[in-house]
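Student: Residue strings, one per chain:
There are 4 protein chains.
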Amino acid sequence: MIKAAIFGASGYTGLELLRILANHPDAKVVEATSRQYKGTPVPEVFPALRGFYDGLLFSDPEDLGSVKADVAFSAMPHGASQDVVPELLKKNRVIDLSADFRLHDRETYNAWYGEHKAAHLLSEAVYGLPELYRKDIKGARLVANPGCYPTSAILALAPLAKKGLIKAGSVIIDSKSGVSGAGRGASLATSFVEASSGFKAYKVGSHRHTPEIEQELAVAAGGQLNVRFTPHLIPVSRGILTTAYAELNTALSNQEMRDIYIDAYSKERFVRLLPDGSFPDISQVRGSNFCDIGLFIEGSRVTIVSAIDNLVKGASGKAVQNMNIMFGLDEKAALFTPPLSI
Amino acid sequence: MIKAAIFGASGYTGLELLRILANHPDAKVVEATSRQYKGTPVPEVFPALRGFYDGLLFSDPEDLGSVKADVAFSAMPHGASQDVVPELLKKNRVIDLSADFRLHDRETYNAWYGEHKAAHLLSEAVYGLPELYRKDIKGARLVANPGCYPTSAILALAPLAKKGLIKAGSVIIDSKSGVSGAGRGASLATSFVEASSGFKAYKVGSHRHTPEIEQELAVAAGGQLNVRFTPHLIPVSRGILTTAYAELNTALSNQEMRDIYIDAYSKERFVRLLPDGSFPDISQVRGSNFCDIGLFIEGSRVTIVSAIDNLVKGASGKAVQNMNIMFGLDEKAALFTPPLSI
Amino acid sequence: MIKAAIFGASGYTGLELLRILANHPDAKVVEATSRQYKGTPVPEVFPALRGFYDGLLFSDPEDLGSVKADVAFSAMPHGASQDVVPELLKKNRVIDLSADFRLHDRETYNAWYGEHKAAHLLSEAVYGLPELYRKDIKGARLVANPGCYPTSAILALAPLAKKGLIKAGSVIIDSKSGVSGAGRGASLATSFVEASSGFKAYKVGSHRHTPEIEQELAVAAGGQLNVRFTPHLIPVSRGILTTAYAELNTALSNQEMRDIYIDAYSKERFVRLLPDGSFPDISQVRGSNFCDIGLFIEGSRVTIVSAIDNLVKGASGKAVQNMNIMFGLDEKAALFTPPLSI
Amino acid sequence: MIKAAIFGASGYTGLELLRILANHPDAKVVEATSRQYKGTPVPEVFPALRGFYDGLLFSDPEDLGSVKADVAFSAMPHGASQDVVPELLKKNRVIDLSADFRLHDRETYNAWYGEHKAAHLLSEAVYGLPELYRKDIKGARLVANPGCYPTSAILALAPLAKKGLIKAGSVIIDSKSGVSGAGRGASLATSFVEASSGFKAYKVGSHRHTPEIEQELAVAAGGQLNVRFTPHLIPVSRGILTTAYAELNTALSNQEMRDIYIDAYSKERFVRLLPDGSFPDISQVRGSNFCDIGLFIEGSRVTIVSAIDNLVKGASGKAVQNMNIMFGLDEKAALFTPPLSI
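Chains A, B, C and D, in that order, are what the protein sequence lines are. 1 is the number of the first residue of the first sequence in this note's numbering; add one for each residue after it. 1 is the number of the first residue of the second sequence in this note's numbering; add one for each residue after it. 1 is the number of the first residue of the third sequence in this note's numbering; add one for each residue after it. 1 is the number of the first residue of the fourth sequence in this note's numbering; add one for each residue after it.
Calculated directly from the structure, the hints in this document are not laboratory data. Beta carbons: idealized from backbone N, C-alpha and C, even for Gly. Hints are supplied without guarantee of correctness; some may be wrong.
What the hints assert, rightly or not - Some chain A residues near chain C, calculated using beta-carbon distances under 10 Å:
hint	residue
1	ASN23
2	LEU132
3	ARG134
4	SER266
5	LYS267
To be verified - Each pair of labels, with its calculated beta carbon distance range:
hint	chain 1	residue 1	chain 2	residue 2	range
6	B	LYS332	C	SER206	48 to 58 Å
7	D	ARG134	B	GLY55	20 to 30 Å
8	B	LYS332	D	VAL30	29 to 39 Å
9	A	ALA119	C	ALA186	17 to 27 Å
10	D	LEU57	C	GLY169	40 to 50 Å
Unchecked claim - SDA-like cross-link-like pairs, simulated, lysine to any residue; straight-line CA separation at most 25 Å:
hint	chain 1	residue 1	chain 2	residue 2
11	B	LYS203	C	VAL30
12	B	LYS203	C	ILE262
13	B	LYS267	D	ALA22
14	B	LYS203	C	ASP259
15	B	LYS28	B	LEU89
16	B	LYS167	C	VAL30
17	B	LYS203	C	ALA251
18	A	LYS332	C	ALA251
Next up, chain A with everything else stripped away, as it sits in the complex (with noise of 0.2 Å):
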């Protein structure tokens, strides 16, 4: 039985790994930190917990000495979770949600995020996305989790990417995201009443997740990829679906693109390649692992739609899955569950 630990539970992320884990056949949750709600049961912060982690008090994040955990997951803020990881490693492998250690370049990071505190582990840190790193994620000390939005992106492009077919400076990621995607602070911007009837776009050409999408984009076709990426905040609370634009430098037929896209997934559990014609809707992954993917193509110009749950897939089932892999478990424990789509 793995023991994991988990730090800054206390957050979106931090609830759906507990939601996750509370059935998981192999792995177990031994401590959940939280500064806020320190000394208080889970299910007191959690009432859907109710019944799942009764005995279980949030602890304070400052005793990480007292953690005997096999596996930490940090699921602190970006730049709290890289004042906190070079201490856990000490003793625990560690998959760290937040954005500390994606960016593989130092300076990216600083220019993106601010100066970076433990950026000796920037080039140690493997970036846990399982379709295109299941290997180093089995021997990895540190797993950098994926961010929600570059999941999706990534997920629709690297297929093409990988073949050397994308033409440089024609790719659009226009993102549509749920509200859970902002964290689990009250805000007015994400409050039910000035969420619930609108749907904008933000951070219009200057998002965080556009180094980490084109920082993926370009290992998979071995050369800079640059990106016009457009997220937005759709009404509900789970979702990302994100409508990937790019122009191919030659015409592909339509079952041409397919079999690019069959050949890369058909092995994977959690990505679903739909029928031709049809298209993701986030409902069909909600509360779920999987990414599903629609493609269209016209010419040389390819339309590809991805969809996820952006707590899951996008980040906290993820983080799941890698650490499955990490300990040789069962790739789909605890993961693969039909998604509660209505």
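Dock chains B, C and D against chain A, hints included.
Tutor: Same frame as chain A, but now just chains B, C and D:
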């Protein structure tokens, strides 16, 4: 042209006053205060109002002396409103949207809200429900604008209470409100993610609107009429639906009951009695000043369902209706527009 | 491995049975019928299930003869279910999710639903509420799965009724349901545009679940216990919140009341009695088989609030719970998972 | 007082015409037809309108001869509208809200919609986008009211197209619409349960609004300007947000781009250009006739975001604006009211 000042204009009732008064043929907002946003143009805080108040800046509420208005709306929270109303009354007639002057009895106020700092005004304030107190409102210097829940409950039950038909101890008021009732402050409980898939009862047996409802039903009935009141939170922005249950002292036919309501409301332009067998839906009054009422009786047991927009008939629309009455304007001015039902 | 067949599997209760049974360790769906979709792969109709039932086609319900299952779930509408249940019973134990076999009294059924075509089975059918009839369910050939509203109302009131504490004529059940309760058929009233900003009461004083609630409260109380029942429509997909009001024959202390519920439910894994002063929220039971209950008492007047997911504890989850009981499986199998609260 | 008749008045665009015209100072609805509801009072079908059209019954659309109006709005579906418009034109000036007369080219119409039955009117019909064709609208006998998506896309891109700045082949229009765009008919896909937690792309590469957008961009640019257009469905009732991407023939500074839009729209009362760095939100135009526009440029790559209420500026509000222009009324009449942003 009536000049109106709005104190505490950056909350939702302030926004609604601005929205409604933007189209008033005989009134005009000359001042809107906000401690938080002083110096900021109104449309920067409320982008929906772009094009309407482009020259108006939020002003500092401390500058009470500068207000040269005919009427001052206080849209400040209870407790804070009693601090400014006495000052405002020196220059303006005042319509107070807080709870501060609704209860006539000082002890009751103190018991539910804490020590009142301007209790000498409690006896002067007129309870601003036009359907019950139109004449008093006309001459009032200080109108206490009724609470949202009480408006829906009192309009539902007053006709029967006035006839002395309601059996003491039998009244149950099961009310459901949209989230905007909680105001514009950010809080976890009213965040989109927490509220959008939820529905719950809150403050069971202890909501502060209880004494306000009881006060007015007692006036109508000519004697104490206690109620059991349970508020609930609906995942919509606007709307209150109240399902009121009572037992009558005598059995009535359906038509006898209906006649009582026709009698009470046939001349009211903002109360719409629905046809037999029809019951209201909050969507059908959204954005409007209407109160829709549906009736059901079986022997001596009645179920009355009422619906209002909590921000309009439940707050700012009713406040403008009161202003119209106070200044001899057309009572319907700026208010008689169809609901935005979809 | 228990083999399960689902009749009328293309509605929402069918979808939920498929979803829940996908992860059952000891049961497996071997047949799913749908007149409308016969011959179509299940995941084509329900894309969320892609990857789970890829080989299963909806079959023709006419081919009753071909079913070789241990248990048949009938998820057909009332009226239609009674046509197939007698036939199904020749080969399988049956759990009927319709209203057809819930009422023991034929006259009552006929009065509310029309002439029953298989009334000889009414006396045999066991009312499938595990918390009240676990032993009978264990041996039953035909289980009538309770209605969604009745489940929430009966679990809220049965403990007091059993103690003979409820005053006749005092019970008011104010229930609120998500839209999925209306089923999967398209209708204007349940369209997104009509329902999403609305909240209304419907079938005031005339909903068919009334006699079902009264039947079971009468059994519990050992005597007739009429109720006033008002259903409302919440703009969410899932969830029922019931606010039940009653007057007791005697005043109880808060703790005395609480002890009655502890007594009734402390051994139940799917009923969660909330701490003093806490009340349930439908979001905290969403997607789960839990019924959360909160209590309030003042003298002899009680307010009990219960919350369930109408499709799970209110329908398909409870049906699987019944199956687990009938076949001697772990009662929690496939059901003891945390709610998807956000 | 202009007399208006509405053909096909029982859909959502009909409801919106009724809602908007209820407060028009110089126009009045004298007839509203509906095959389905003929003989029924309007407020019985649309309870929100109770108190406004109490004497008006839906009439039979067959009784074309009885219409004595100045203007006829056809709110019938495309295909059906072309059956009645020629007849209506004999007596009235006509504003057609369907797609039937928007495309000037008969072959294009036939290719996308099927054989046109009144193609002789295609050349006469004026494309009713006031910001582009105000003068033509003024004298028009037949106005083809633009589609909802095209309105948002054309207003976003026309200023750049007119300057000849847009590079051919570079335009991507990623649009997102509320559910009311699908009309008032009940369907599974637009039911509350299916749509409320979803977000999806649909008709990828094949939506019928594509040729309409291309027609108008070609007029503006003075040459063919193909677009890639992807519509998506937002779980809100009202609103379209369009995120338009294009590459310019030359790099512009932020201010140069802004000046082009100021030039184009500074005199328009219903187009609101947002401040630098601000982007629109559909909630801020809800229920109003405004189109809000935000701009972003990086080198020669632009992202323009526009927001409208699909039922108002996207349909019925714009139709009333057209009526106001055609009859020499104040263009803002009945339309210049603040959005219902919350």
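Student: Are the Cα atoms of LYS28 of chain B and LEU89 of chain B separated by 25 Å or less?
Tutor: Holds, at roughly 19 Å.
Student: Can SER266 of chain A be said to touch chain C, with a Cβ gap under 10 Å?
Tutor: Violated. Min distance 12 Å.
Student: Would you settle whether the hint for ARG134 of chain A is holds or violated, based on the nearest Cβ-Cβ distance to chain C being less than 10 Å?
Tutor: violated (19 Å)
Student: Going straight from one Cα to the other, do LYS203 of chain B and ILE262 of chain C come out at no more than 25 Å?
Tutor: Holds, because 23 Å separates the two Cα atoms, which is no more than 25 Å.
Student: Need the status of pair LYS167 of chain B, VAL30 of chain C: alpha-carbon distance at most 25 Å?
Tutor: violated (59 Å)
Student: Within 25 Å, alpha carbon to alpha carbon, are LYS203 of chain B and ALA251 of chain C?
Tutor: Given pair LYS203 of chain B, ALA251 of chain C holds - Cα atoms ~21 Å apart, limit 25 Å.
Student: Can you let me know if the beta-carbon spacing of ALA119 of chain A and ALA186 of chain C is within 17 to 27 Å?
Tutor: violated (56 Å)
Student: Verify the CB-CB distance for LEU57 of chain D and GLY169 of chain C against the hinted window 40 to 50 Å.
Tutor: Roughly 44 Å apart at Cβ, these two residues keep to the hinted range, so it holds.
Student: Need the status of pair LYS332 of chain A, ALA251 of chain C: alpha-carbon distance at most 25 Å?
Tutor: The hint is violated at about 54 Å.
Student: Does ASN23 of chain A hold up as a contact with chain C if the rule is Cβ-Cβ below 10 Å?
Tutor: Cβ of ASN23 of chain A sits 6 Å from chain C, so the hint holds.
Student: Per the CB criterion, is LYS267 of chain A less than 10 Å away from chain C?
Tutor: Hint on LYS267 of chain A: violated, closest Cβ of chain C at ~13 Å, above 10 Å.
Student: With respect to the beta-carbon atoms only, verify the hint that LYS332 of chain B and VAL30 of chain D lie 29 to 39 Å apart.
Tutor: violated (23 Å)
Of the numbered hints listed earlier, those contradicted by the structure are 2, 3, 4, 5, 6, 8, 9, 11, 16, 18.
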